[in-house]
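Colleague: The chain contents come next:
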Amino acid sequence: MATKRPPFWQREQYTPFLLLLPAILTLLFVVLLPLLFSLYTSFTGYRLIRPESLWQWIGFRNYQRIFADGDFWTAFGRTIIFLTIALNLEFLFGLGIALLINKITWGQRTLRTIMMFPMMFSPILVGYQFKFVFNDNIGILNNALQSLGLSDGAIPWLVDKYLANFSIIFAEVWMSTSVFAILLLAGLFAMPRDPLEAAKVDGCNPWQVFRHITLPFLMPFVFIAMTIRSLDVARAYDIVDVMTGGGPAGRTELLWTLIARTGYDNARMGQANAMAYVSILLSIAFTYYFFTKLLAARKYMGGAE
Amino acid sequence: MAEIKLNNVIKRYGKTEVVHGINLDIAHNEFVVLVGPSGCGKSTTLRMIAGLEDISDGTVSIGPGVVNDLPPRKRNISMVFQNYALYPHMSVRENLGFGLKIAKQDEATITARVDEAADILGLDELLERTPAELSGGQRQRVAMGRAIVRHPEAFLFDEPLSNLDAKLRVQMRTEIKKLHQKVKTTVVYVTHDQVEAMTLADRIVVMKDGHIEQVGTPMKVFNHPVNTFVASFIGSPPMNLLPATITGADVVFADGKSLPVPTRLADRVRDGQEVIFGLRPDDLTPVGHGIAESGDSARLTLDVTLSELLGTETILYTSIAGQEAQGKMFGAREVAPGETLEFDVAMDRAHLFDAATGKSVRVD
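Taken in sequence, the protein lines are chains A and B.
Sequential numbering of the first sequence, starting at 26, is according to my numbering.
Sequential numbering of the second sequence, starting at 207, is according to my numbering.
Hints were generated in silico from the structure; no laboratory data involved.
Just to be clear, a hint being listed does not mean it is correct.
Claimed, not checked - Label pairs and their computed distance ranges (CB to CB):
id, chain 1, residue 1, chain 2, residue 2, range
1, B, Asp312, A, Pro217, 29 to 37 Å
2, B, Thr222, A, Pro217, 19 to 27 Å
3, A, Leu117, B, Thr222, 36 to 44 Å
4, A, Ala321, B, Glu322, 28 to 36 Å
5, A, Ala321, B, Asp312, 27 to 35 Å
6, B, Gln377, A, Phe214, 34 to 42 Å
7, B, Asp312, A, Gly275, 54 to 62 Å
Note that the structure is a prediction, hence the values are computed from the model and not measured.
We treat Cβ as the ideally placed atom computed from N, Cα and C, and that holds for glycine.
Just chain A, same shape as in the assembly:
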């Protein structure tokens, strides 16, 4: 009796695809389609208030416009500066905290938990908290400075060009230093003791031990934290939006506050999507950079005990 060829979904070579189908479909609908759709809209004059404009193909005009737009490049540059300052400060503070906590023998667990508190708050709430702290009329910072006689006027923390950016970076650093601290502390815990002792015997003073042995060992952990945080900071939106809304007069505008304003407030979704694609390139560049550094730093660590 001639056996009938089974239907194609029962054939062996298709089984893997059949089993992967839920994942493939999910990725397709949740990631790939929106991605393609937003890419498409960046080539249209799509405005949220005029749905029919979705079909208005304008080629590269959105990109031409943003590349010629000074505000976009200012936000772009400010984002890079913001990211550089915030990441370096978080690294330095995180390293300091991790080194100090590593020295403590009593109450270390409690301190570790306390250290993570800032991470437990929503960025929106952190934004509101610091908006209150830095408010020039009712903020506790100005209040404290004036009560202590350190300042006699109201310092415009959230209005001045430099102070406003400082205030936002301060909030960002306050919230996320513990990411560095925790990862670096994990690194310090994993660190073998012998090379440290060997370095001491080899003639190193404590600073040299740190510089030549501890720090190189920690670098992979630093780069992991940097990768995570660079993605985080490059898409910074919530704290900025709550504290200053990108203002006053665009003085604290970062990429994503600009994109959100263009897309939702001005309803120019096509142009916003074009900006978003450019800014994603920035994130990819940072991730790639830190990953390269991470791999280079890790290369030496394998296998040696």
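Keeping the supplied structure of chain A fixed, place chain B upon it in accordance with the hints.
Modeller: Chain B only, in chain A's frame:
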């Protein structure tokens, strides 16, 4: 080159005292091995000499001065660690030269000294590799190289061979010995392996529970152990230790077997004294199968329960008054379990320890 003096050195962790007043003088260029079971305080003592542990009490001096309050970097010593402790992110060359670089030596000196050390230890081919690319034995050699490039006052070795396999361990042991003959320097070497202690040491320091049990040359410690601990710890297979009673001029075991009191110990024991009779397996040999030796000798007839053929020699398991005892047979011959053999007992090499204190009845 320096002598190292430990004067009543004590180490406490909180209220627990782990090293109880060590006194030790180590001469110029002497190779001293601290040996003992794990937890006896030998590593702690070494780490106090290195400055990696605080000294709770007493003084350590290296060369002319007391170094208690000096950090390790000011003691001018080198240390080789059990886990090699190489710097994983540096090449072999950088590992070797690191101490010199820290000491701000110029580039030419560093290169010359590193090449010299690499030459002594056969590391020339490996200089550009990283530790991850080396085998255990090579890593150990790099660790030793790192110690010798600095031309220190003293070398400290902390169980350097424990992580190597048996064959490599023997090979590296020889290399350390050769190294010490080439690079004459004071060495303090910690191990739990009595074979390493015997083969390497100019003087052995046997430690137990934070005390020094005996200090002496390998021959002295082997031939004249001061107590049952040293007797059982040094030598392999270990010395047979058999409880007995002195009755008149005889050593009598619980099962009635007896041996005469060794002549050299006759005036050190009293009638009725409870003793422990110590005899190395090498000195309990079937008649005709021993190492030909004249002297004070006695005979015992014993049942052999088990035999282990090792090639040139055979270990014979027997028992005296219910205590297991081992003998050795030189010259191969089949021995059936249960066979009864006549044994020569080399009485001039036998030991008597007081049963109550465990101390040898003759310490000199």
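Colleague: Are the hints correct? Go through all of them and say.
Modeller: Hints versus structure:
no., hint, verdict
1, Asp312/B - Pro217/A: 29 to 37 Å, "holds (31 Å)"
2, Thr222/B - Pro217/A: 19 to 27 Å, "holds (26 Å)"
3, Leu117/A - Thr222/B: 36 to 44 Å, "holds (40 Å)"
4, Ala321/A - Glu322/B: 28 to 36 Å, "holds (32 Å)"
5, Ala321/A - Asp312/B: 27 to 35 Å, "holds (29 Å)"
6, Gln377/B - Phe214/A: 34 to 42 Å, "holds (36 Å)"
7, Asp312/B - Gly275/A: 54 to 62 Å, "holds (56 Å)"
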